Each structure stands twice: as C-alpha cells, then as structure tokens.
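Enquirer: What follows is the residue order along each chain.
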Amino acid sequence: MKPTPLSIAAAVGIVATYIRAIYFTPFEAIQGPAQKIFYIHAPSAWVAFLAFGVVGFTSVLYLWLRDDRLDRVAESSAEVGLVFTTVVLITGPLWGKPIWGTYWTWDARLTLTLFLWFIFVAYIVLRGAVEDRSMRARYSAVLGILGALLVPFIHLSVYMFRTLHPKPILMKPDAPSLPPEMLTTVLLAFGTFTLLYVALLRARYRYAVERDGAHPEESYNAG
Amino acid sequence: MPDNAVYYHIAYIAAAVIYGVYAISLYLRRRRLHAR
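Protein chains in written order, with my numbering: chain A, 1 to 223; chain B, 224 to 259.
Think of the hints as simulated: they come from the structure by calculation, not from any bench. Remember, predicted model here, so these are calculated numbers, not experimental data. Hints are not guaranteed to be accurate.
One-sided excerpt, in silico: chain B residues whose CB lies under 7 Å from chain A [unchecked claim]:
#1 PRO225
#2 ILE233
#3 ALA234
#4 ILE241
#5 GLY243
#6 TYR245
#7 TYR250
#8 ALA258
Just so you know, even glycine gets a beta-carbon here, dropped at the ideal spot from N, CA and C.
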C-alpha cells in the first residue's frame, strides 16, 4: 500500500483513536478495562457490514451493467471486509471471555457473523478458481449479493433471538446510551475506521486495475 | 473493578497487527506486479 494523503490520514486517525481510547477514555465501572475492546470491535463490525453492503450493491449493478469496474470494486470491498470481519471475530471473543466467562457461544449474532466470514472466504476462493473473467465476475456477483443479504439479519439478530450479545448502543433508533467521553471516542473510532476502509479499498482497487492491465488475457470475455 | 486489562491489550495489538499486515500485503502484491 503506497502512502497517499488518504492512507496517511487513515493511519494518523487510527493512531489518534488508539491514544484517545487507551489514555483519555475512562474505564467502565462494571466491565473494567476489557470494555475498551468495544472501541475497536464495534467500528470494525460497522466497516465489515459497510464493506459487504458495497459488495452487494456493486454486484447488483455489475449484473445489470456488466461494467468491469464494478466487479473490481466488489472484489476489493469483499477482501477488505473480510479483514475487518476477522478483527471482529478475534476481538469479540477476547471481550467475551472476561465478561461472559467464555470465548465463544453459538448464539445467533456470533454464529451468523462466522457464517458471513465463511461466505466471503468462499467468495475469494471462488474468484481464484474460475479462470474466465466474465464467468468469475457473474458467479462472484451472485455469491456477493447472497452474502450481503446476511448483513441486516446479523444486525437485527439481537432483537430476533435470545442472545448473550448486547443490543446496539449507537446504531439504533434512540439516542446513543453512552457517557459523553465514551461517545466521543466511539464516534472518532467509527470515523477513522471508515476512513481506513476507504483507504484500503482504494489501494486494493488500484492493485486490481494494474493487475488486469498487466494481464489483459484474463480480461477475455467468453461469457 | 475487575482486573482484565490483558484481554484489551491483546485485542488492540491483534487488530493493529491484522490491519498493518494487510496494508503491507497490498504494498508487496503491487510491487511484485510491477517487478514482472
């Protein structure tokens, strides 16, 4: 990833978020220091959902317009979303152990998030397995749309099922239920993690453009 | 207040490592592409 003003801004923003979360945000009285995992877990989950939403949206547009740029955006967003989901699936259990007493439980939110991760691993594997570019774009667009359809179910799963996972405290119809110092940190984290997503997506997209330019035979359309 | 700071330290380090390694992988893939 070549340094660009966007990537530098994202890196500075993430460092600022870490500093604010670690040194300038108070501990939560009941959960203690482990609650600070929230400041990286929730923004990573938001970005993962955003990334897979972008995959679904651009995949629908690709099936309609057959524009290779849309396929590249979907491909790039899926890979970046998978990275953010990996962070969600690692930081979540690290938060769960001290608070719930277990790293993992098969409740709806956790299980569906793990399924989402597997779906987009399959998406990446599928893209590597199909050589014909047009066929690869069509197959992966369908899988990308199906994967993205899981996102609203994951968000609503805490309302639909009995689950250990807490309900949203920020992305809900009512006002956020957090003290001001914590709310500021959360909002900063959501902003900087979104910026990191845009920077990584842009870098991954540029790589895809250069790869396709370097290997035009892979662009052969036999569909 | 419970003493569970180790979990939050591990989580913060893990997240930084994963995002950092991915950014480096993008840089290396692009460099390898240019070297071909």
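Enquirer: With reference to the structure, classify each hint as holding or not holding.
Expert: Verification of the hints:
1. For PRO225/B, the suggested interface contact is upheld, since its CB lies about 4 Å from the closest CB of chain A, less than 7 Å.
2. Proximity of ILE233/B to chain A holds as hinted, the smallest CB-CB distance being about 6 Å (cut-off 7 Å).
3. Annotation: ALA234/B was flagged as interfacial toward chain A, and the flag holds, the nearest CB pair being 4 Å apart, inside 7 Å.
4. Nearest Cβ of chain A to the Cβ of ILE241/B: about 5 Å, under the 7 Å cut. The hint holds.
5. Taking 7 Å as the C-beta contact cut-off toward chain A, the hint placing GLY243/B at the interface is violated, the least distance being around 9 Å.
6. Proximity of TYR245/B to chain A holds as hinted, the smallest CB-CB distance being about 5 Å (cut-off 7 Å).
7. Below 7 Å, beta-carbon pairs count as interface contacts, and TYR250/B has one with chain A at about 5 Å; its hint therefore holds.
8. Below 7 Å, beta-carbon pairs count as interface contacts, and ALA258/B has none with chain A, the closest being about 11 Å; its hint is therefore violated.
Of the numbered hints given earlier, the model fails hints 5, 8; all others are met.
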